[in-house]
Amino acid sequence: MIRHNGNIKDIEKRRKKNMFYFSLFLFATLFGVITLAVLLVDVFIKGIPWLDWQFLNSFPSRFPERAGIKSAFYGTLWMLGLTAPIAFILGVGTALYLNEYAGDTKLKQILQININNLAGVPSIVYGLLGLGVFVRGFALGRSLIAGSLTMVLLILPIIVVASQEALKSVPSSQRNASYALGATKWQTIRRVVIPAALPNILTGTILALSRAIGETAPLIMIGALTFVAFVPGSPMDSFTVLPIQIFNWTSRPQEDFQYIAAAGIIVLLVVLLSMNGLAIYLRNKYQNKY
Amino acid sequence: MAIIEVKDLNLYYGEKQALKNINLEIEKNSITALIGPSGCGKSTFLRTLNRMNDMIKDVKIEGSVKIDDVEIYDKNISVEILRKNVGMVFQQPNPFPKSIFENVAYGLKIHGIKDKSLLNEIVETSLKGAALWDEVKDDLKKPALGLSGGQQQRLCIARALAVSPDIILMDEPTSALDPISTAKIEELILELKKDYTIVIVTHNMQQAARISDKTAFFLNGELIEYADTEELFSYPKDKRTEDYITGRFG
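Chains as they are written, first to last, in this note's numbering: chain U, 1 to 290; chain A, 1001 to 1250.
Bear in mind the hints are in silico, worked out from the structure with no lab data behind them.
Errors might be hidden in some of the hints.
Not the full set, but computed from the structure, chain U residues with beta-carbon under 10 Å of chain A [said to hold, decoys possible]:
| no. | residue |
| --- | --- |
| 1 | GLY103 |
| 2 | LEU111 |
| 3 | PRO171 |
| 4 | SER173 |
| 5 | ASN176 |
| 6 | ALA183 |
| 7 | THR188 |
| 8 | ALA196 |
Even for Gly, the Cβ is constructed at its ideal location relative to N, Cα and C.
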C-alpha cells in the first residue's frame, strides 16, 4: 500500500483541477469542429435532394423547382479564368521586383509596409475602389472584367507576400552557384530561383484565388447582378457568381429557396475543396520531382 | 608566367577595411593555398578574383587585379565572361535540385550551348575530369541531391569544369566532408593542376602542405607571408607565420 504524506482530499482536488482543464481544452477544440459538422450536415440534408442535373444546368427562376446554378457557376469559372492569370503575373512580378531587384531603399520599405497592410483591408473597401476605378473610371460597367480586376486587387497583397516568402526561402548558396558560373541575374532568377520557389508560389496563389471565389461583398458593391439568365460570353458581359446567387436565394421568403441555397453551397464547397486539393497536389508534385 | 597579378589591393566593407595593400602573383598551372585564422580576409581575397564581392552591399575595392594581363575591375569587363573563366567551388556542396546531367550542363546552357551531342560530350568529359564519371555514368538522370556529400562536391567541381575555366577558386572545399572524401578531392585537385590554375582557401594546414605549391598567410586583412609551401612551413620568415603554423594561435 502506497502511503500518502499529503491530504487525500488535496489529491482529489488536484485531480479535479486536472480534469477541468482537460475538459476546457477539449471543449474549445470540439466547439469549432461540432459547429462546422452541424452546419455541413444541415446543408447536405437540405441540399442533396435538390442537387441534380436539372439544378446544375438551369438558369435562375422565380420557381424553386426550375431554378438552377448554371449562370452563377459559369460566372465563377469566368472570374477564376480572368483573375488567376492577372493576379499571378502582377503578384509574382511585384514579389520578384521587391525581393530580387529593388535595393534596400526607403521606397522599398514603404512599399513593403503598405503591401503587408493591404492584406488586412476589408473586402468591401476593395469593392468601393473597384466601383470607382473600374466600373466608372475605366467605364467597364458591371462586367466580368471589372469584377475580376477588383478581385485581383483584393488578393494581390496575399499573393505578393506568399511569393516573397517563397523567394526568400531559396538559399543564397544556390544563387551563388549560378552567379559563379557566369549567369546573369535574370538567368539565375529564371533557372534557379523561380523553379525552387514555384511550389510555394503556386500554393499561395491558389489559396488566394479560393478566397476570391468565396468573396461576395466587393462584387455586390460593384453591381454584379443577382438574376442572370444567360452564360456570359465575353469579359464585358454582366455576370453573377456562386456566393452572390446563394446570398440571393437565402434572402427569398419561399422555403424551397433555402434548400436550393443549400445545394448551391455544396457546389461552392466542391469548387473550393478542388482548388485546395489542386494546391496540395501541385506542392507535392513539384517537391517530389527531385 | 603569372596568370594572376594583384597590386596594392585594398577592400572595404563600409568603414571597415578587410584587405590591406595586398600584392601577390600567382603562376599558371599551380596550386596556391590561402591560410590564416577566421576573419583574416582569405575568403574575401578569393572572392575578389571572380568579383563575387560585387554582390555584397557597400563594398569598395581599390588597386589592381589582373588576370591574363587584363584588369578585371575595368568598367568594360563583362563579369559574366570573367566568371566563366574563373570558376568557383564553395565550402558547402551546392548542387542545384536538378539531375546530375542538368547540373553539369547548367553553365553550358546559360552560355548559349544548345547542341545535344555537344552537351553530352562536355558533360561526360567534365564528370571524367572531376573523377565522378564512373560512379554516376548510369545515373545521369537521377537527382544530384541523392549523391553523397563528397560526390556532390565533385559534381560541383565538374559543373565548374564544364564551362572550361582557366582558374578555379576553391573556398574550403573539403571542410564539410569526411576524411575519405577529402582525400579523393585532394587527389583530384592535384590532377587538375595540369590544366588549371587553382587557388584554394583552407583551414587545414596539413592540406595546404600536402597539395599546394605556394602558400599565402593572411592575418587581419594583411598578406603576412607568401612563399613556396615547403619554405613557408619549414622556414617561416615572419614570427606571426611561425606562431600560426605551429598552432600557437588561430
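A quick look at each hint next to the structure:
1. With 10 Å as the threshold, the beta carbon of GLY103(U) comes within range of chain A, its nearest partner Cβ sitting at about 8 Å, so the hint holds.
2. The restraint placing LEU111(U) at the interface with chain A is violated, with a minimum CB-CB distance near 19 Å, outside the 10 Å limit.
3. A cut of 10 Å between beta carbons decides the hint on PRO171(U): the least distance to chain A is about 8 Å, and the hint holds.
4. Given hint, SER173(U) at the interface with chain A, holds; its Cβ is 4 Å from that chain's nearest Cβ, closer than 10 Å.
5. Look at ASN176(U): its Cβ gets to within about 7 Å of chain A, closer than 10 Å, so that hint holds up.
6. The beta carbon of ALA183(U) comes within 5 Å of a beta carbon in chain A, closer than 10 Å, and the hint placing it at the interface holds.
7. Because the smallest distance between the Cβ of THR188(U) and any Cβ of chain A comes to about 9 Å, under 10 Å, the interface hint for this residue holds.
8. The beta carbon of ALA196(U) is positioned within 10 Å of a beta carbon in chain A (closest approach about 7 Å), and the interface hint is therefore held.
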